[in-house]
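**Q** Sequence:
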Amino acid sequence: MAEPCSGYPFRCTLVIFAVLFLIAGFTDTIHLADRSYWRTTSGLVLAETEHVRRIEKLVILFRYFLGAIFFFS
Numbered sequence: 029m030a031e032p033c034s035g036y037p038f039r040c041t042l043v044i045f046a047v048l049f050l051i052a053g054f055t056d057t058i059h060l061a062d063r064s065y066w067r068t069t070s071g072l073v074l075a076e077t078e079h080v081r082r083i084e085k086l087v088i089l090f091r092y093f094l095g096a097i098f099f100f101s
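Start counting the sequence shown at 29; every next residue gets the next number (the working numbering).
What the hints contain is simulated information worked out from the structure, not anything from laboratory work.
All residues carry an ideal CB built from backbone N, CA and C; glycine is no exception.
Take these hints with a grain of salt, some might be off.
Stated by the list, open to error - What follows is a set of in silico ranges between Cβ atoms, one per label pair, in the way DEER data are often shown: (1) Phe-38 / Ala-96: 37 to 43 Å; (2) Phe-99 / Leu-42: 33 to 39 Å; (3) Phe-98 / Phe-49: 26 to 32 Å; (4) Leu-42 / Lys-85: 26 to 32 Å; (5) Tyr-92 / Thr-68: 20 to 26 Å; (6) Phe-100 / Ile-58: 29 to 35 Å; (7) Val-80 / Phe-38: 17 to 23 Å; (8) Phe-100 / Glu-78: 33 to 39 Å.
Turn these sequences into a full structure, and let the hints steer you where they fit.
**A** So this is what it looks like as structure tokens:
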């Protein structure tokens with residue numbers, strides 16, 4: 029059985045982003061769109077890209093600094 033997006037990866041990406049924007053619009057109308065939601069959603073989207081290794085190398089440099097800011101804020 030073939031994967032659902034094996035032949036059309038660009039179309040699958042568009043569908044995923046469309047669903048994400050619909051969810052974001054819905055949560056904004058019921059006032060649930062805060063910063064933590066956007067951080068989580070963007071992290072989930074970026075984790076599935078081909079650039080995940082490069083992002084990890086970039087973020088690992090700031091891990092302790094960002095952790096300190098998170099816990100002190």
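**Q** Decide, hint by hint, whether the structure agrees.
**A** Hints versus structure:
| no. | hint | verdict |
| --- | --- | --- |
| 1 | Phe-38 / Ala-96: 37 to 43 Å | holds, 40 Å |
| 2 | Phe-99 / Leu-42: 33 to 39 Å | holds, 38 Å |
| 3 | Phe-98 / Phe-49: 26 to 32 Å | holds, 27 Å |
| 4 | Leu-42 / Lys-85: 26 to 32 Å | holds, 28 Å |
| 5 | Tyr-92 / Thr-68: 20 to 26 Å | holds, 21 Å |
| 6 | Phe-100 / Ile-58: 29 to 35 Å | holds, 31 Å |
| 7 | Val-80 / Phe-38: 17 to 23 Å | holds, 19 Å |
| 8 | Phe-100 / Glu-78: 33 to 39 Å | holds, 34 Å |
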